[in-house]
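K.L.:
Those protein sequence lines, which keep their order, are chains A and B. If you count the first sequence from 1, position 123 lands on 123 in the working numbering, and the numbers rise without skipping. If you count the second sequence from 1, position 42 lands on 1042 in the working numbering, and the numbers rise without skipping.
Please keep in mind that the hints were generated in silico from the structure rather than gathered at the bench. There could be a bad hint or two in this list.
[To be verified] Facing chain A, according to a computed beta carbon distance under 7 Å, are these residues of chain B, among others: (1) P1030; (2) R1042; (3) L1232.
[Unchecked claim] Rough simulated footprint, nothing fancy, chain B against chain A, three-plus residues with beta-carbon under 8 Å: (4) 22–28; (5) 46–60; (6) 71–77; (7) 136–150.
This structure is a prediction, so every number in the text was calculated from the model and none was measured. Cβ coordinates follow ideal geometry from the N, Cα and C atoms, glycine included.
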Amino acid sequence: MKSFSLLKAVVVFLLLVVLHYTVRPLLGTRVSVDFLVIAVLLTAVHVRPGAAAVIGFITGLVADSLSPLSFGAGALAMSAVGFSASWLKAAVFGDNMFLQAVFLAAGKWSFDVLYLVAERRLGVGDMAVQLLLWSPLSAVLTGIVGVLIVLTFRLSMESRP
Amino acid sequence: MARATRSGTRTDTAVLAACVALSLVAMVLPAATRRSLAGTIRETVVGPLIALQLQAERARGAFVSRDISAARLDSLVLRNADLRDMEHENQQLRRLLGLGARLRTGFVAAEALHRPEMGDAQTILVTAGRRVGVVERSAVVAPEGLIGKVVSTEDATSTAILWTHPDFRVSAMSADGRVFGTITPHLGEGAERFLLEMHGVAFRDSLMPGTEVRSSGLGSVFPRGIPVGTVLRDITASGAYARSYLVRPAVMPADVTVVMVLLPVTANLESAWTSPAAADSLRLNVNRHADSLAAAARRDTMPRDTTRRP
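The shape of chain A in the complex, shown without the other chains (with noise of 0.2 Å):
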């Protein structure tokens, strides 16, 4: 039962990740839904703070290598996502359906704060608009995809022992 569970957890992984790279050109929009962040929070729920900052940083690095003038910058960014949010989860709440929307939202609004941070490419202006306007949009919508994605497959948000 328990390594069903398990291979449930990594084939759903594999498939947010196909995901990211399909529908979102697809929809090509500025306000996207970002699977590998919800891929990595969805993980980090069920390991222990430190795998998950690890599958954070493999995950990351993954995206960077496709904008490699910020090699790096998603690498850190999702870590630390990965980390807190492993931790958070043990910490502060259950199987709760709006937060557990909240907790997917907030994650991904702290990764592209990471991210733009670390990357220093967008000027103050833009950095403000990214992060008060496109970011939070961003971020409900991943929430939601999340829960829905949640929903779909059964998964549970319960953290580990």
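With chain A fixed as given, assemble chain B onto it according to the hints.
P.N.:
Frame of chain A, contents of chain B only:
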């Protein structure tokens, strides 16, 4: 039990610290090493994902162009009554399609993958690499003009910076080859960020708004004659030693999904992009020289009064 928990927490923190340290190291690596590392990941682990992204963008392009195609068809049906308009549009389309034919050799066609979700994109991934002859510093162009420059290459893909990138530079000239300068991105806020600047124009020269700007070929990075943009206005600062102009770019990179990467053999492309402005300028020059010749001929044929000389 409590000791084990504390030990686990310490281990987790150490792992996080290691990940953060590795990320920071990756961020401060030399650009060439970063590009090489990213290229290795892209060509191995992420390769299949890029292929999926390419398919998705093609699907989106087909979906978007369906409406455009339908609108064009409607327009053509309406314009069918007016053959002259249709011929004009036909000529325009032929010009676009004909760029590749005029270039003949020395380019590879590729698709451009954007990454617009985090602010403004400054780089694109081009689906052509070393295998088809793309090298670093190859120019990336569209039928309308210059888009950017390749900064790193892998076997099947390349990374190019767009003209919006702060490091982008191109030696430029007016379309008639009279005025020279250097094009850089205009690093303004808001909509002005999508403009260019032409610096280093000598004070004895001036450019009128609407003048077409092309690559000059100086510096051997970009071939001569690629359209870069159109002069908008003079932005020379007081006390500057050279003139500066604001330039509207010929191409908005976000609109481009198919590009041409010029290979190093390409030398002069002035004939590849026909320019009405350059043609007008040429016609004016020819007229001016013809007037001069006519005036000189009149002077030569006038009767000379030499009898009164002592």
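K.L.:
Identify whether the interface hint at R1042 of chain B stands, where standing means a beta carbon of chain A within less than 7 Å of its own.
P.N.:
holds (5 Å)
K.L.:
Are there at least three residues in the stretch 71–77 of chain A whose beta carbon sits under 8 Å from a beta carbon of chain B?
P.N.:
holds (count 5)
K.L.:
Test coverage of the stretch 22–28 of chain A by chain B using CB-CB distances below 8 Å; three residues minimum.
P.N.:
This one holds; 7 residues, not fewer than the three required, reach chain B with a Cβ under 8 Å.
K.L.:
Using C-beta distances, would you say chain B covers the stretch 46–60 of chain A, given that this needs three or more residues below 8 Å?
P.N.:
Our answer is that it holds, as 9 residues pass the Cβ test (under 8 Å) against chain B, meeting three.
K.L.:
Confirm or reject the coverage of the stretch 136–150 of chain A by chain B under the rule of 3 or more residues with a beta carbon closer than 8 Å to the chain's beta carbons.
P.N.:
violated (count 1)
K.L.:
Take the shortest C-beta to C-beta distance between P1030 of chain B and chain A; is it under 7 Å?
P.N.:
violated (11 Å)
K.L.:
Can the hint on L1232 of chain B be confirmed by a CB-to-CB distance to chain A that is less than 7 Å?
P.N.:
With a closest approach of 21 Å, the L1232 of chain B hint is violated.
This entry does not satisfy hints 1, 3 and 7, going by the numbered hints stated previously.
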